Every structure is written in C-alpha cells, then in structure tokens.
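A.B. asks: As they're listed, the protein sequences go chains U and C. Using my numbering, read the first sequence as starting at 389 and increasing by one per residue. Using my numbering, read the second sequence as starting at 68 and increasing by one per residue.
A hint or two may mislead.
Claimed, not checked - Pairs of lysine to aspartate or glutamate, DMTMM-like flavour, derived with a Cα cap of 20 Å:
id, chain 1, residue 1, chain 2, residue 2
1, U, Lys412, U, Glu445
2, U, Lys631, U, Asp662
3, U, Lys502, C, Glu98
4, U, Lys584, C, Glu151
5, U, Lys412, U, Glu399
6, U, Lys624, U, Asp647
These aren't lab readings, by the way, just hints derived from the structure by calculation. Quick caveat: nothing in here was measured; it's all calculated off a predicted structure.
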Amino acid sequence: MAKITCPKCGEQIETDGTITVCPKCGVDLREVIGSLDVDYEERMKTIARDESVTTHEFIVRTRGLKKTYVMGEIEVPALRDIDLDVRRGEYLSIMGPSGSGKSTLFNMIGGLDKPTAGRCFIEEVDMAQLDAFELAWLRCRKIGYIFQTFNLIPVMTAIENVTLPMIFAGMGTDEMMERGRELLDLVGLGDRLDHKPYELSGGQQQRVAVARALANSPAIVLADEPTGNLDLHTGKEIIDLLKELNRASGVTVISATHDLKMIDVSDRVVHIRDGEIERIEQRHEIELEVGGMGA
Amino acid sequence: MLDVKGLAKAAGGGGKEEIKIQRQITLPWSEAVRISVRNVTIRLGRTMITASGIVLGIAFLSSVWTSSVIQDGLQRAQLQQERELVEATARGQGESENANIENFTGISEEEQQAESSKRVWLVVMSLLVCGVGITNAMLMSVTERFREIGTMKCLGALDSFIVRLFLIEAVALGILGSVVGTILGHIAMLGIFSLRERSLSVAAKMDWGQMLVYLLLCILVGTVLSLVSAIAPAVRAARMRPAAALQTEI
Ligand SMILES: Nc1ncnc2c1ncn2[C@@H]1O[C@H](COP(=O)(O)OP(=O)(O)OP(=O)(O)O)[C@@H](O)[C@H]1O
Ligand SMILES: [Mg+2]
Chain U
389 MAKITCPKCG EQIETDGTIT VCPKCGVDLR EVIGSLDVDY EERMKTIARD
439 ESVTTHEFIV RTRGLKKTYV MGEIEVPALR DIDLDVRRGE YLSIMGPSGS
489 GKSTLFNMIG GLDKPTAGRC FIEEVDMAQL DAFELAWLRC RKIGYIFQTF
539 NLIPVMTAIE NVTLPMIFAG MGTDEMMERG RELLDLVGLG DRLDHKPYEL
589 SGGQQQRVAV ARALANSPAI VLADEPTGNL DLHTGKEIID LLKELNRASG
639 VTVISATHDL KMIDVSDRVV HIRDGEIERI EQRHEIELEV GGMGA
Chain C
68 MLDVKGLAKA AGGGGKEEIK IQRQITLPWS EAVRISVRNV TIRLGRTMIT
118 ASGIVLGIAF LSSVWTSSVI QDGLQRAQLQ QERELVEATA RGQGESENAN
168 IENFTGISEE EQQAESSKRV WLVVMSLLVC GVGITNAMLM SVTERFREIG
218 TMKCLGALDS FIVRLFLIEA VALGILGSVV GTILGHIAML GIFSLRERSL
268 SVAAKMDWGQ MLVYLLLCIL VGTVLSLVSA IAPAVRAARM RPAAALQTEI
C-alpha cells in the first residue's frame with residue numbers, strides 16, 4: 389500500500405498497484421506507480437536480512453526449513469531442517485524417491501506455501517516478511533513455474549497462456565503479443581500460437597508451459613517433475629530446452645525429479661530422503677557417475 | 068536447433084540486465100471481462116449446467132409474476148364487462164341504484180387478501196429455489212477450477228483478480244440465465260392461460276407496462292442473486308494457498 393499523487397488533478401490515491409488510472413480525472417498513473425518501485429527496491433533491501441551482501445551469490449537460501457502437515461491427529465513431517473544454498477545461474481536438480489518431500493520443497497521455495505519453521509530467502513529477501521502483494525509480485529516477476537501436469541489454462545490458446553503473466557505484469561498489448569510469439573517460436577511452437585492445450589501433445593503443452601514460465605524474464609525457473617508425464621524422448625527434449633536456457637541466459641533452474649536423465653545436465657544434484665538432505669553431488673562427481681554408466 | 072541468442076533474451080539472466088517495465092501487478096477490467104466472458108462462452112456445456120439452475124429459478128419467479136399480471140388483467144376485463152352490464156341495466160332503471168354497482172363486481176376483500184399472500188409465498192419460495200440452485204452451481208464451478216486458480220496465483224494473480232474474474236463470470240451467467248428463464252416462464256404462463264381461456268385475448272387484456280417492470284425485475288433478481296451467491300465461493304477460492312489449490316484433484 390502506498391499513497392500517490394495524481395500529476396494532473398492532485399488527487400491523493402491509496403494504491404496497492406492495482407489502480408492504474410486516476411479515479412477522479414482518468415489520467416494514466418502507471419508512470420507514477422512505476423517510480424514507486426524505487427521504494428519497493430528499498431523495501432526489499434531493508435527486508436533483506438544480510439545488508440552487507442550486495443551482489444548475492446546465492447539466489448535462494450533456506451535455513452532450518454521445516455514443513456509438517458497435520459492431518460487430524462497425525463503429524464506428517466514432509467521436510468525436516470533443510471539448509472540449502474542455490475547459486476545464481478546454477479542448474480540444480482532435487483532428486484529423491486516419491487514422498488521424500490520434493491514438491492513440498494518446491495512449494496516453499498516458490499512461495500506457494502508457508503513453512504512450519506525456518507526461513508527461505510530469495511535474493512536475500514526473507515519470504516516470510518512479504519505481504520500478499522509483494523508475494524504476487526515475486527511470483528509474477530522473479531519466478532517461473534513449470535509443473536508435472538503442465539497446468540495450462542484450458543480455455544486459453546497457447547499465446548494467451550504465455551501472455552497471461554505479462555497482463556499481470558502490466559505490459560502493453562502489442563509488446564505482449566510480440567514477446568509471446570517470440571517465446572513460443574523459441575520453444576519450437578511458432579506455428580501453434582492459436583491452439584488450445586487439448587489440441588497439443590503433452591510435450592508441446594510442456595513447451596508452452598516453459599514459454600509461459602519465461603514470460604516476465606524470471607531470475608529463477610522452478611520445475612516440479614517437468615518430465616513426469618512425458619515419454620523418454622519428449623522428456624529429454626524438455627530437459628535439453630531447460631539446460632539450453634540456463635546456459636544461454638544464466639537463469640537459475642531448480643528442478644525436482646526422480647528422472648535419472650536430469651542428472652547429467654545438472655551442476656549439482658541434491659538428494660533428499662524422508663524430508664532431509666541426504667547428500668549433495670557436485671558436477672565432477674556427476675560426470676564420473678555418468679561416465680561410469682557409459683563404460 | 069535452438070536459437071541461443073533468442074534464449075539469452077528470453078530469460079532475465081538472473082536479473083543482470085533486467086528490462087525496466089513498471090513494477091506492479093495489474094489486471095485491467097477490459098482483460099478481466101475478456102477472460103471471464105471467454106470462460107463462459109467456451110465452456111458452453113458447463114455454462115449451460117450452471118445456468119440451468121438460474122434459468123429454472125427465474126422461470127418460476129417469472130411465471131408467478133406473469134400469471135398474477137394475467138389474472139389481474141382478466142379480472143379487470145371481467146369487472147369492466149360487469150360494470151357495463153350493470154350500467155346498461157341502471158340506465159334503464161334510473162340513477163338511484165348506482166350505489167349498488169360495487170356489490171355486483173369483483174371478488175371479496177378476504178379472497179383478495181388470501182390471493183395476494185399466496186402470491187407473496189410463491190415469490191419467496193421461488194427466490195429460495197433460485198438462491199439455493201445458483202449458490203450450488205457457483206460452488207461447483209469454482210471448486211472444479213481450484214487447480215486453475217492455483218496456477219493463476221503462481222503466475223502472479225492477486226486474490227482480488229481471482230474474485231474479480233469469478234464475479235464478472237457470475238454476472239454474465241446471471242444475465243444469460245435470467246433472460247432465458249424470464250422469457251421461458253413468461254411464455255409458459257401466457258400459453259397456459261390462453262389454453263385455459265380458449266382465446267388469445269389473454270395477452271390483449273393484460274397490463275404490459277406492469278408486465279415489463281416485472282420481467283425486468285426478474286432479470287435483475289437473477290443477476291443479483293448469482294452475483295451474491297458467487298461471492299463466498301470466489302473469495303474462499305482466492306484465499307487458498309496456491310500449493311493447496313494446485314494439489315486438489317477432481
Ligand atoms: N497437503 C498435504 N497434506 C498432508 N500430507 C502431505 C500433503 N502434501 C504432501 N504431504 C506428505 O508430505 C510428504 C512429502 O510429499 P511430497 O509431495 O513433497 O513428495 P514428493 O517428493 O514430491 O513425491 P512425488 O515424487 O511422488 O511427487 C509425503 O509423505 C506426503 O504424503
Ligand atoms: Mg511431487
């Protein structure tokens with residue numbers, strides 16, 4: 389919430405960013421709201437726990453992250469004490485058997501659920517301190533999500549799905565359509581702009597989802613078993629696409645999986661079991677392992 | 068082959084050369100209306116089912132009101148006839164019996180009162196039927212879209228966007244359903260009375276001005292009812308944590 393002053397009629401307007409025209413004289417306020425972002429950045433900095441860190445080496449950090457689901461009388465511990473540092477530009481895979489807590493961790497890092505205890509920092513900003521509007525901003529601008537079940541909006545065409553986050557981000561229509569087209573072209577669906585999800589194969593739907601995740605140039609792409617519903621070959625294509633993205637643009641990719649194909653594109657692999665980090669494999673160990681498999 | 072240059076442009080590069088667009092979250096009304104109306108028109112089958120609750124309720128209300136306007140019209144016509152008859156006889160007998168005219172005509176006061184309280188009862192009943200039907204339909208249509216709502220929140224939608232989308236949808240559905248329901252109920256009653264009276268003069272005898280007011284009222288009631296009954300489920304859905312919304316299976 390912030391107070392802004394209309395440049396034309398001087399009206400004081402209380403805004404949470406959802407009002408873009410002056411209610412009194414109808415003048416476009418987006419520029420004024422845009423300048424508020426300085427304040428927003430300031431606020432982000434003050435919220436950040438460690439102010440001495442200016443260029444954050446770690447884009448995501450978790451400290452003592454716990455999540456316990458309570459189902460009636462029973463408590464199900466899904467995550468116990470996760471301490472994880474993710475470097476900027478890294479391709480990180482989270483491996484573990486079913487029920488080990490991968491999706492739960494994905495939800496915590498993505499700000500989709502609140503931890504029972506512990507903290508999660510995105511660019512040194514403690515997520516627990518963000519209000520609903522700032523969380524939405526974070527999800528819209530900083531993070532791109534990819535799901536196992538694709539989760540495209542069924543009534544929207546490919547390009548509408550891709551441009552939806554851009555609408556939320558306040559992008560103009562022409563710019564939006566052009567970027568949407570560019571992104572779909574990039575994932576190899578330049579000729580499928582107006583197809584509905586059900587007119588596309590699973591692999592193509594996931595490509596649309598990848599394009600959508602990139603809509604607002606996120607710093608992090610979070611993928612929860614992106615290949616879980618795809619066959620071997622199509623799954624590999626999606627992984628290669630993610631890896632290519634990571635390599636070319638430096639976007640941080642965090643991907644939960646129990647798919648061994650994911651391993652040899654990863655910079656690091658975090659193995660979790662029963663909600664705890666079992667071990668972390670570095671790149672050279674992975675290479676050894678993959679090499680060993682080939683021999 | 069992948070276009071690497073395009074890729075570099077596609078993602079934010081970890082925030083290094085971030086494009087400076089306005090840092091805000093919006094859903095312009097025009098976009099919201101577009102999305103909602105598409106939702107209504109594309110899921111036509113689903114829309115029909117949801118709308119049928121509204122159609123039935125409002126058709127009932129509309130038929131009750133139509134029949135009351137028709138009955139009033141018939142009564143007035145009858146009254147007119149009797150009065151003319153009495154006047155004709157009175158003219159023959161002289162002015163003195165004029166005072167008795169009222170006694171010949173219409174139904175008694177008690178009967179009228181019973182009739183009107185029966186009507187109020189019917190209207191209240193039909194409103195209840197309407198309300199329950201619409202609330203139920205809205206609840207269903209929101210519940211089966213939890214996953215979609217969760218996805219939208221992941222893409223940066225504020226709770227208020229979700230509520231806005233569902234309310235616009237409810238209004239669209241409300242207008243659609245109640246226009247259809249109003250017409251159906253009206254035509255059904257006109258048909259029934261025409262058959263009963265064995266003449267098409269029913270329509271000629273009724274007060275169309277009053278009828279129109281009632282028909283518009285039907286549409287208004289249906290729209291407002293569906294809007295009001297959508298608020299609770301929409302707000303509940305919007306407040307869900309995205310993780311919970313995404314997890315729901317139907
Ligand atoms: N909403 C919930 N309510 C209760 N328990 C839950 C809920 N979500 C997850 N759990 C439990 O938490 C644990 C971790 O689940 P999670 O979904 O994170 O596993 P996962 O590693 O993603 O598994 P999979 O590979 O099958 O997707 C499981 O024991 C699961 O039963
Ligand atoms: Mg999972």
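A.B. asks: Decide, hint by hint, whether the structure agrees.
C.D. replies: Taking the hints in turn, this is what the structure says about them:
no. : hint                 : result
1   : U:Lys412 to U:Glu445 : 46 Å, violated
2   : U:Lys631 to U:Asp662 : 28 Å, violated
3   : U:Lys502 to C:Glu98  : 31 Å, violated
4   : U:Lys584 to C:Glu151 : 70 Å, violated
5   : U:Lys412 to U:Glu399 : 7 Å, holds
6   : U:Lys624 to U:Asp647 : 10 Å, holds
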